[in-house]
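Modelling step: build the complete structure from the supplied sequences, incorporating the hints.
Residue numbers (our numbering), protein chains in the order written: chain Y, 225 to 519; chain C, 1405 to 2029.
Don't read these hints as lab results, they were simulated from the structure. Some hints could be false.
With a straight-line cut-off of 25 Å between C-alpha atoms, the simulated SDA-like cross-links for lysine to any residue are [what the hints assert, rightly or not]:
#: 1; chain 1: Y; residue 1: Lys312; chain 2: C; residue 2: Arg1645
#: 2; chain 1: Y; residue 1: Lys312; chain 2: C; residue 2: Asp1776
#: 3; chain 1: Y; residue 1: Lys267; chain 2: C; residue 2: Asp1936
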Amino acid sequence: MSTQVPEQQAEETEAEQSAQAHEQTPQQKRQDKKRERQEDAAKRLQEEEQRREMDADDTYHLKVFRFDPEVAAKQEPRFDDFYVPFEKGMTVLDALMYARDHYDSSLTFRHSCRQAVCGSDALFVNGSQRLGCQTQLSDLEEPVRIEPLPHQDVVKDLVVDMEHFYEQMHSVQPYFDPEETPEGEQRQSKENHEKIKMSTRCIWCAACMSSCNIAAGDNEYLGPAAINKAYRFAMDEREGENRMQERMEIVEQNHGVWRCQTQFSCTNVCPKDIPLTEHIQELKREAVKRNLKFW
Amino acid sequence: MVPTDRNAEAVDRVAGADRDAVGAAADHDVDIDVDYEEVSVPVLVVGAGAAGARAAIALRQNGVEPLVIGKRDHGDAHTTWAAGGVNAALGTHDPEDDWTIHAADTFDEGHFVNDPTAVELVAREMPDRIRELADWGMPFDRTPEGDIDQRYFGAQSYRRTCFVGDRTGEAMLDTLVAKAQELEIPYRDNVMVTRLLSDGERVHGAVAYDMEDGGFVLFRADAVVLAAGGFSAVYDRHSSRDEENNGDGPALAYEAGATLMDTEFVQFHPTGMVQDPDWEDDWGGRLVTEAVRGEGGRLFNADGERFMEKYSPEQMELDARDVVARAIAREVREGRGTENGGVFLDISHREREFVERRLPRMYERFKSLGIDLAEEPVEVAPTAHYTMGGVDVDFRTGETGVAGLYAVGETVAGVHGANRLGGNSLAETVAIGKLVGDHVAGAVASMGEGESHDEEGHGALPDGLRALAERGFRALADLEASDGDVAPEELHAELGRLMDDCAGILRDEARLHEGLDRLRELRDRTGDLQVDGDRTSLDFEYAVDLAFSFTMAEAILRGALVREESRGAHFRSDFPERSESWRKNVLVRRGDLGMALSTRPAGLPSEAVQEAIDEGHELSYHHLE
Chain Y
225 MSTQVPEQQA
235 EETEAEQSAQ
245 AHEQTPQQKR
255 QDKKRERQED
265 AAKRLQEEEQ
275 RREMDADDTY
285 HLKVFRFDPE
295 VAAKQEPRFD
305 DFYVPFEKGM
315 TVLDALMYAR
325 DHYDSSLTFR
335 HSCRQAVCGS
345 DALFVNGSQR
355 LGCQTQLSDL
365 EEPVRIEPLP
375 HQDVVKDLVV
385 DMEHFYEQMH
395 SVQPYFDPEE
405 TPEGEQRQSK
415 ENHEKIKMST
425 RCIWCAACMS
435 SCNIAAGDNE
445 YLGPAAINKA
455 YRFAMDEREG
465 ENRMQERMEI
475 VEQNHGVWRC
485 QTQFSCTNVC
495 PKDIPLTEHI
505 QELKREAVKR
515 NLKFW
Chain C
1405 MVPTDRNAEA
1415 VDRVAGADRD
1425 AVGAAADHDV
1435 DIDVDYEEVS
1445 VPVLVVGAGA
1455 AGARAAIALR
1465 QNGVEPLVIG
1475 KRDHGDAHTT
1485 WAAGGVNAAL
1495 GTHDPEDDWT
1505 IHAADTFDEG
1515 HFVNDPTAVE
1525 LVAREMPDRI
1535 RELADWGMPF
1545 DRTPEGDIDQ
1555 RYFGAQSYRR
1565 TCFVGDRTGE
1575 AMLDTLVAKA
1585 QELEIPYRDN
1595 VMVTRLLSDG
1605 ERVHGAVAYD
1615 MEDGGFVLFR
1625 ADAVVLAAGG
1635 FSAVYDRHSS
1645 RDEENNGDGP
1655 ALAYEAGATL
1665 MDTEFVQFHP
1675 TGMVQDPDWE
1685 DDWGGRLVTE
1695 AVRGEGGRLF
1705 NADGERFMEK
1715 YSPEQMELDA
1725 RDVVARAIAR
1735 EVREGRGTEN
1745 GGVFLDISHR
1755 EREFVERRLP
1765 RMYERFKSLG
1775 IDLAEEPVEV
1785 APTAHYTMGG
1795 VDVDFRTGET
1805 GVAGLYAVGE
1815 TVAGVHGANR
1825 LGGNSLAETV
1835 AIGKLVGDHV
1845 AGAVASMGEG
1855 ESHDEEGHGA
1865 LPDGLRALAE
1875 RGFRALADLE
1885 ASDGDVAPEE
1895 LHAELGRLMD
1905 DCAGILRDEA
1915 RLHEGLDRLR
1925 ELRDRTGDLQ
1935 VDGDRTSLDF
1945 EYAVDLAFSF
1955 TMAEAILRGA
1965 LVREESRGAH
1975 FRSDFPERSE
1985 SWRKNVLVRR
1995 GDLGMALSTR
2005 PAGLPSEAVQ
2015 EAIDEGHELS
2025 YHHLE
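Structure representation (structure tokens):
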């Protein structure tokens, strides 16, 4: 179970508080008292609940990665154990929220829409990249190991730095850019719509990038998500030949499509079932075709 | 989901309050300094859904840089919950459709209290807005000929609804965010506005807090565009997420001096899920798509009667949303409902293969909850889905009557009148969003002569308003420190039950009065709040939402009390008929003694649209695919 704040530190805080007590306004005093009371109550409740729930049969045992560069006790990465009462339909995200709300309010993770649309809660669960909100606890072996996405810098607990991923996404110019805009309606053949349909489903969760061994070893590799974005526009007939050529040049660069070794790890983890590896291979074939043309 | 440049311009940290400015305020804890970040922008767009994004794009294209702020992570807004589609009279399949018939259908469904300027603008502009979205890469489903595909939607005379599978809203927001990103429009996520800085006549900015680190933020802006959603979550059974659509958009405007309109019109979707006590997640109120009935689903009460035979023998389960919702509410109220307060929706007479193929998402969802849609019925009951009412705006400009304050999207009233046509909410966001963005850009550009400016070139904040902002921050700090006995979530839950009981589908005078009494009691209990957690906690967010939700709940109750007739989504069992003399809008203003209500005759459609109305176009249910 989690004891994130060492006792020594708590004592220091108390000492500081009493030293400053004479300067405090009534409101601050009120707040401090309230905080102390809440901390005590929370601690008691937490201990009780954990004791009760460790005994119960239908709890799930979570092992959650913890790290916080700003808290002395958490600078050394470790795993905390949480025992969460199981309810039908409970997801990994539900379990994390339960653990945060009942045991440790400092447990930090990203989440927003809870319906696999926002892409905030990609995690490394029992050794595989998954969306927390989309993963049923009942499908997982215990203990459920929950870690931040590998191959990205950890900011705090389960939160990783997404900056590099976003940079790679931007580098492929992920905006629709047709050469000419017709007077009336922009038409698109049904076949072409079907061809790019799956590629438009990306939610920027970075699960694929995290699963990719190549990306792990080559920081400049565009990665599956960015290449899929490039695919979405390069394969859209309405953008026109010149724009496609420019897009092909982006993905053909040194750290582009040719790095992919078709391990299919990205395809396997994509929560939106985008056939990423296939898209990368198709761009490779397109590149070969184009280069042959010039010989 | 898609990040953009988060660097809001001109961010400076202000440590400590400006004593001179605060001096005037005789506040008991005036001696406490508040730390806050100050952000200065030409235009602040509050709300990061489709309406806010489209307004921001128009602003940027007109050379004005907006800052878009949202309460959630990037790309996560309620727009993504709109599944079915977006209306535009493109005439892909039905060339006889045109914008006047789209407008006529909108008036018919809205029972002629819609704002004619708004309706006609949406209907006329939508074909261009759809083509524009296609130009920006929105992956609309296509016909075999390569045109944008369109499908039938309830109460529309022709196939007019464009779609991207069953994730139209998600695809639309994705497209708008990508466009915003291409234009390098700055966004700031996870920040919530708690009050507008208004002197009653002009808005100068907003008080907000950062939901990730709890810090206070003062936004100074020459103009504020409110695009912050509606208020259907004031009901217990509602189809939104619990902490969304609780009324902050319209309530912020009301508190800043704007007028609300038609708040009594709340759309109840007939088939929301009924919570099973065994489920971990709260599914109560989530939509069971209309397609289940469209594919042959039947409604039964607890006695096994197919009750729609009594209410609508011709159209049965496929009658208009308000008719089916009222029928279910009657059955439950008269004691023929299930023990959880619903009725049964049953499609098990269809082959398993048919159900799986035609209703994949519904089939999967229920399967994950242990219910086999192909074998057994599901419990459903009406659920608050959309609020037609909101801020009263001038649809030529988006102006609210308070200088510098504009509003758009579900936050405003007018397009939908007394009931909304499916597929028109997404349409409103982009059609009106562009108009408002274009107009605000012009207004901001011509502003400033004779006004004082700071070093960044923005209007300076009058001293009185800085003091107001600092009082706002201190009030938030006090709220955080609340140490009473009442949990904010408990008050939300009680408010929800109150609204379900007293201002639900079937309303009458006695119940509405009871609702106002109960609301007063709830308000009294806010003096004894207990906020568990700091300013980054959900508990604190719920506490902040309470005031907004109370305001909008009161507006619904008072509006419903005044409107002594039944029209569209508003049904009074003591006045069960539509009254011609009530072809009016109900306005709610802040008076000296609380809410002041008045009425205003609704405008008339233009000649072209009136002609289309007179032609009596109608959807024939036999055409349904």
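Handout entry: Restraint status (C-alpha distance of Y:Lys312 to C:Arg1645 at most 25 Å)
Key = Distance ~20 Å between Y:Lys312 and C:Arg1645 Cα, so the pair holds.
Practice task
Take the C-alpha atoms of Y:Lys312 and C:Asp1776, compute the straight-line distance between them, and say whether it is at most 25 Å.
Solution key: Given that 25 Å is the threshold and the Cα spacing comes to 15 Å, the pair holds.
Handout entry: Given hint C:Asp1936 paired with Y:Lys267 - CA-CA distance at most 25 Å
Key = 14 Å, holds
Every hint, counting from the list given before, is met by this structure.
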